[in-house]
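S.K.: So the chains spell out like this:
There are 2 protein chains.
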Amino acid sequence: MPELRKDPVIGRWVIIATERAKRPSDFAKTRTEVKASFCPFCEGNEDKTPPEILSYRKVGTEPNGKGWWIRVVPNKFPALRSEEPIVRTGEGMYDKMNGVGAHEVVIESPNHNLTLADFDIHHVEEVLWAYRDRFLDLSNDERFRYILIFKNHGAEAGATLDHTHSQIIALPIVPKRVKEELEGSLAYYEYKERCVFCDMLTQETKDNLRVVDENASFISFLPFASRFPFETWILPRVHESHFANIQKNGVVDLSRILKTTMLKLKIALDDPPYNIMVHTTPCRETKSMYYHWHLEIMPKLTKVAGFEWGTGFYINPTPPEDAAKFLRTIEVNV
Amino acid sequence: MPELRKDPVIGRWVIIATERAKRPSDFAKTRTEVKASFCPFCEGNEDKTPPEILSYRKVGTEPNGKGWWIRVVPNKFPALRSEEPIVRTGEGMYDKMNGVGAHEVVIESPNHNLTLADFDIHHVEEVLWAYRDRFLDLSNDERFRYILIFKNHGAEAGATLDHTHSQIIALPIVPKRVKEELEGSLAYYEYKERCVFCDMLTQETKDNLRVVDENASFISFLPFASRFPFETWILPRVHESHFANIQKNGVVDLSRILKTTMLKLKIALDDPPYNIMVHTTPCRETKSMYYHWHLEIMPKLTKVAGFEWGTGFYINPTPPEDAAKFLRTIEVNV
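These protein sequence lines map, in sequence, to chains A and B. Here the first sequence is numbered in the working numbering, starting from 206 and rising by one per residue. Here the second sequence is numbered in the working numbering, starting from 206 and rising by one per residue.
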């Protein structure tokens, strides 16, 4: 019998379709490489991107030249632009505003072929510091209400370039999906006087059915109501609403658990396409007791179809307990 | 400058990213065929599906034999099953229920190669009658709260078989996405004392910027805050909350506008992958003044990536006005 499970944060139901159960080996190689003869993100091609906003580079090297190991540039085809003040207007019954925002690309390495799963953990730390630096800088712009850090890996996950990179989008509104998560967490907090994510941490640690990895500061696990096979979340153990408040030791521990998790997924699923998103409190809001920042990692192994679009609820053919068990058996040295 | 547009029903923002503007010809052939040597949906293979629930067939032919033109069967790999009563349980902080529901397949034709865009309009009418017959029958089961009729065309849209078919899923809950639409419509109605969809009809007819086709009973148009390039909705002109209340002449008119719209999309986008969903009021609810049933058609031309997953808001590179203008230029004889 299939099982319906409810996400405790936003109340979204998921069908764990045991009748269609899939094991990791059932997922054929799903990632296709983005074919391109020229890569603007490789070292030596710095003049093929807009001028850099931030780089971590060797002492004595010049901006927009060689010698960097992390480089942040504006997106050449930005979804949003930052030149104007916000103007909200109506068009009959409809509402619109101009597309004010920022859209940046974090080039995570000068090397074309490495990804998060391949970097040594010190390099993953550098990626995380770049995320935080850009997040803090963008937060200073009063027009921005929410900043999303995300990564698309593989064409199936929406990547248009193969060279490993992340993106940061600053938005003039708090998007619907984030509002839902904030409202759901607040409702739980008002009822229980506890953070729903802290409660998840307690139960996941106790049940130990869905945990992939843990260290002093973080835990990585597959959520009870996973939407997708091998969907994995990474949560800080100590309650904290804002990603940008991460401390030095936190970056070290996050780097280690992120690298371990990504490497296990890479081995288990033969380098699958995936998305990673940082979920955090909107940038103009103060610390809260009810929201808990975290990472969500979503391998793209199944297609989202009419059922999901029509209902906003998901059919997942792989119980998270099975996927977690499989990931735990994979030994990695990090 | 890109533009942010707000969906008037559920308040979802969309970025119309004019910087990345795409014309129909920019979308490469995106649909790949599902390769299969054997098709269980073809005439003559009736014994390869579970026994039929409904068929429209020639007088004198036997159930589960040849002679049908529409055939409805249970899904061989159902996401939900109907044998048990509903049991809701907790697992620590988490909530779950057994997967009670129904999952059926509407085989729209005995011919392997035809699709909605190819059928003559009398055959499209037959498909619509089958939708309604199954909807009504499933509504009699008191355990079901919502019935979704949908269609996946092409592997990229989630189809696992090429032979044209639709699916019907009956659910023991009202899913989140549907609740949002109902709540959004109700909020608008409470404020304006008018149906938000009726207001859309009025404005779309007046503006005439996004309309694709219209007839006595229906209008097809691209919504102001389209999530996807060429996303198209079909709405009945006269307010009606329940799909199942469609009348004989309504079926005839819906058949004509659906065939025309699908044929225009097929020609414009070279037989794209797509999803169609019927959005209607939950089956246990009485007629309402605030909700208006409709069809949503979503060609799959862009990839949903980390940004969309992290925020629930969409980047659409093709303004709906441009897409509608293009679709209007395509002449079809229906």
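Keep in mind that the hints are not guaranteed to be accurate.
No distinction is drawn between identical chains; accordingly, a pair holds when it is met within one copy or between any pair of copies.
Said to hold, decoys possible - Pairs of lysine-lysine residues, derived as PhoX-like cross-links and limited to a Cα-Cα distance of at most 25 angstroms, are as follows: (1) LYS411 - LYS453; (2) LYS471 - LYS253; (3) LYS271 - LYS253; (4) LYS492 - LYS530; (5) LYS530 - LYS471; (6) LYS384 - LYS301; (7) LYS301 - LYS271; (8) LYS508 - LYS301; (9) LYS211 - LYS301; (10) LYS508 - LYS281; (11) LYS508 - LYS471; (12) LYS301 - LYS411; (13) LYS227 - LYS281.
These are computed hints drawn from the structure, not numbers from a lab. Predicted, not measured: the structure shown is a model, and the values here were computed from it.
S.K.: Work down the list of hints and note, for each, if the structure agrees.
M.R.: Here's how the hints hold up against the structure:
{"no.": "1", "hint": "LYS411 - LYS453", "verdict": "neither (28 angstroms within a copy, 59 angstroms between copies)"}
{"no.": "2", "hint": "LYS471 - LYS253", "verdict": "neither (30 angstroms within a copy, 37 angstroms between copies)"}
{"no.": "3", "hint": "LYS271 - LYS253", "verdict": "within (13 angstroms within a copy, 62 angstroms between copies)"}
{"no.": "4", "hint": "LYS492 - LYS530", "verdict": "neither (35 angstroms within a copy, 48 angstroms between copies)"}
{"no.": "5", "hint": "LYS530 - LYS471", "verdict": "within (16 angstroms within a copy, 45 angstroms between copies)"}
{"no.": "6", "hint": "LYS384 - LYS301", "verdict": "both (19 angstroms within a copy, 24 angstroms between copies)"}
{"no.": "7", "hint": "LYS301 - LYS271", "verdict": "neither (42 angstroms within a copy, 54 angstroms between copies)"}
{"no.": "8", "hint": "LYS508 - LYS301", "verdict": "between (31 angstroms within a copy, 24 angstroms between copies)"}
{"no.": "9", "hint": "LYS211 - LYS301", "verdict": "between (34 angstroms within a copy, 6 angstroms between copies)"}
{"no.": "10", "hint": "LYS508 - LYS281", "verdict": "between (29 angstroms within a copy, 19 angstroms between copies)"}
{"no.": "11", "hint": "LYS508 - LYS471", "verdict": "both (19 angstroms within a copy, 21 angstroms between copies)"}
{"no.": "12", "hint": "LYS301 - LYS411", "verdict": "between (48 angstroms within a copy, 19 angstroms between copies)"}
{"no.": "13", "hint": "LYS227 - LYS281", "verdict": "between (40 angstroms within a copy, 16 angstroms between copies)"}
The structure fails to meet hints 1, 2, 4 and 7 from the earlier list, while all remaining hints are met.
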